[in-house]
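A.B. asks: So you can see what is in the structure, the chains are spelled out below.
There are 2 protein chains.
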Amino acid sequence: MTREELYSNIIRKKSFLCVGLDTDIKKIPQHLLGGENPVFSFNKAIIDATADTCIAYKPNLAFYEADGWKGMQTLERTVGYIRSNYPDMFIIADAKRGDIGNTSKMYARTFFEQMDFDAVTVAPYMGSDSVTPFIGYPDRWVVLLALTSNKGSADFQDTLSDNGEKLYQKVLRISRDEWGGNPDNMMYVVGATRADMLAGIRQIIPDNFLLVPGIGAQGGSLAEVCKYGMNGHCGLIVNSSRAILYADSSESFAEAARAEAIKVRDEMAGYLI
Amino acid sequence: MTREELYSNIIRKKSFLCVGLDTDIKKIPQHLLGGENPVFSFNKAIIDATADTCIAYKPNLAFYEADGWKGMQTLERTVGYIRSNYPDMFIIADAKRGDIGNTSKMYARTFFEQMDFDAVTVAPYMGSDSVTPFIGYPDRWVVLLALTSNKGSADFQDTLSDNGEKLYQKVLRISRDEWGGNPDNMMYVVGATRADMLAGIRQIIPDNFLLVPGIGAQGGSLAEVCKYGMNGHCGLIVNSSRAILYADSSESFAEAARAEAIKVRDEMAGYLI
Chain A
10 MTREELYSNI
20 IRKKSFLCVG
30 LDTDIKKIPQ
40 HLLGGENPVF
50 SFNKAIIDAT
60 ADTCIAYKPN
70 LAFYEADGWK
80 GMQTLERTVG
90 YIRSNYPDMF
100 IIADAKRGDI
110 GNTSKMYART
120 FFEQMDFDAV
130 TVAPYMGSDS
140 VTPFIGYPDR
150 WVVLLALTSN
160 KGSADFQDTL
170 SDNGEKLYQK
180 VLRISRDEWG
190 GNPDNMMYVV
200 GATRADMLAG
210 IRQIIPDNFL
220 LVPGIGAQGG
230 SLAEVCKYGM
240 NGHCGLIVNS
250 SRAILYADSS
260 ESFAEAARAE
270 AIKVRDEMAG
280 YLI
Chain B
10 MTREELYSNI
20 IRKKSFLCVG
30 LDTDIKKIPQ
40 HLLGGENPVF
50 SFNKAIIDAT
60 ADTCIAYKPN
70 LAFYEADGWK
80 GMQTLERTVG
90 YIRSNYPDMF
100 IIADAKRGDI
110 GNTSKMYART
120 FFEQMDFDAV
130 TVAPYMGSDS
140 VTPFIGYPDR
150 WVVLLALTSN
160 KGSADFQDTL
170 SDNGEKLYQK
180 VLRISRDEWG
190 GNPDNMMYVV
200 GATRADMLAG
210 IRQIIPDNFL
220 LVPGIGAQGG
230 SLAEVCKYGM
240 NGHCGLIVNS
250 SRAILYADSS
260 ESFAEAARAE
270 AIKVRDEMAG
280 YLI
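Sequence order for the protein chains is A and B.
Position 200 of the first sequence, counted from 1, bears residue number 209 in my numbering, the numbering being contiguous throughout.
Position 262 of the second sequence, counted from 1, bears residue number 271 in my numbering, the numbering being contiguous throughout.
Quick caveat, the hints were computed from the structure, so don't treat them as lab data.
Some hints could be false.
When chains are identical, the list treats them as one kind, so a pair holds in a single copy or across two.
Unchecked claim - Heads up, simulated DSSO-like pairs for lysine-lysine below, C-alpha to C-alpha not over 30 angstroms straight-line: (1) K79 to K272; (2) K114 to K36; (3) K114 to K35; (4) K79 to K35; (5) K22 to K175.
Computed from a predicted model, the values in this text were never measured in an experiment.
Required output: the full structure, derived from the provided sequences and hints.
C.D. replies: As structure tokens, then:
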């Protein structure tokens, strides 16, 4: 998907919501557990209930791998379901991959060729050749970790280097200047829990989309994120996972998820005007 | 596996070789391609040919995921084969995982419970709660990326912070002092291509095992690694992947792999005296 297509979906749907499919077999409603594939049934119901409220889905690989090869089969089936039924959806593999060049090349092949993801999250620690193999697939995206939403993010990402630059700022700068990352092929993860940093981040990468986790269960504020992070073409994909998926554990879980997604979408619509 | 067991295997086998199972369907001998599962057949032959020369195997997840759920099935089958036939083997998932706490917990469950790995490689960029969920499984190990063997490693790992510490040194220090990482549950990835840094690294973490990639195809020197990195209990697991796996592409590939592994083992035996 191109940046223009993504932006036009956002405008049409008045939403920049991404629903994170962190589907945990231990948390899905009891009544699904007897079925042939409870995780897929859950995902399908969530997707059908939320597809008109969001512009992206983000399966978190960890939750599928935890069920071994059967989990990967469920993941492939989920991606296939979205592609067939909601072809305008942007699908992100939340995988946090990154390895030496020849290995990152294999991961890129996995997510962009073997599976049909639009984007994959990548960790920057190993530098250039761990990230660049993901760049250059036409209309596919790298989503590079910059400033994450978790408690531990300060351990290294905030490290001040001797030139006065923090590590996450260096990640933004190097990927922009030296790796061929541009607003048409690279997004960045910036956590909603660190929204006060967004203004500074926008000085370094004004035009790139940001994938923003951390609203909902992690406590970040959508208003703050929009205030500091939005640009002329929205520039934000805001993710919510647990708050939507597990809004209710009864047989009406999908309706509850939809209600929660609509609430977020309606708030987003206000910021898009 | 405990540190003592690992060390006693090293002494008994006079080897600290880890064979990296980076099995690429595009590189395995032609004659295997007609079989039911060429990648598993290749792995099985390599394992049977090298098991007495090495103390560890390290499947690289990227190479299995690239074949989707079938690849994960092949991975599980490979791990099962090693466990059943060579129970003294240390098995490392080269996965470079790391995510927010609840997600890293899922990854730990995958590698230590769903599958039966002894260790998993983890990327430090997201800090404490991305790594600590992997610690605390009895006799299982975190292998934390510190200074990697690839070209891009200098981009961020060498970044000098305002207190005069490089990023990889900070990773070593913080994981040691603040995360409960100790020589019985944590190893570090240090690339053989950066062997000159090993003396300094040993000042920070004298007793931990290091997993050292980069000899063979990547060009690092075993002599240098041993000179600067070995400690009183060996302290090294040195990996070779491509140089062993693809030593020969004919029907005698396994014999060629064995000859290559024996060459490395014999050199190692000299350093262990």
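A.B. asks: Now tell me if each hint is right for this structure.
C.D. replies: To see whether the hints hold, each was checked on the structure:
In this assembly of identical chains, K79 and K272 lie within 30 angstroms of each other by CA distance neither inside one copy nor across copies; the values are 34 angstroms within and 40 angstroms between. For a Cα distance limit of 30 angstroms, the shortest separation of K114 from K36 across copies, 15 angstroms, qualifies, whereas the shortest one inside one copy, 34 angstroms, does not. When the C-alpha separation of K114 and K35 is checked against a cutoff of 30 angstroms, the pair qualifies only between copies, where the shortest distance is 13 angstroms, while the shortest distance within a copy is 34 angstroms. Taking the closest pair of Cα atoms, K79 and K35 come within 30 angstroms of each other both inside a single copy (16 angstroms) and across two copies (25 angstroms).
Taking identical chains as interchangeable, the C-alpha atoms of K22 and K175 are never at most 30 angstroms apart, the minima being 36 angstroms within one chain and 46 angstroms between chains.
Consistency note: the structure conflicts with the earlier hints numbered 1, 5.
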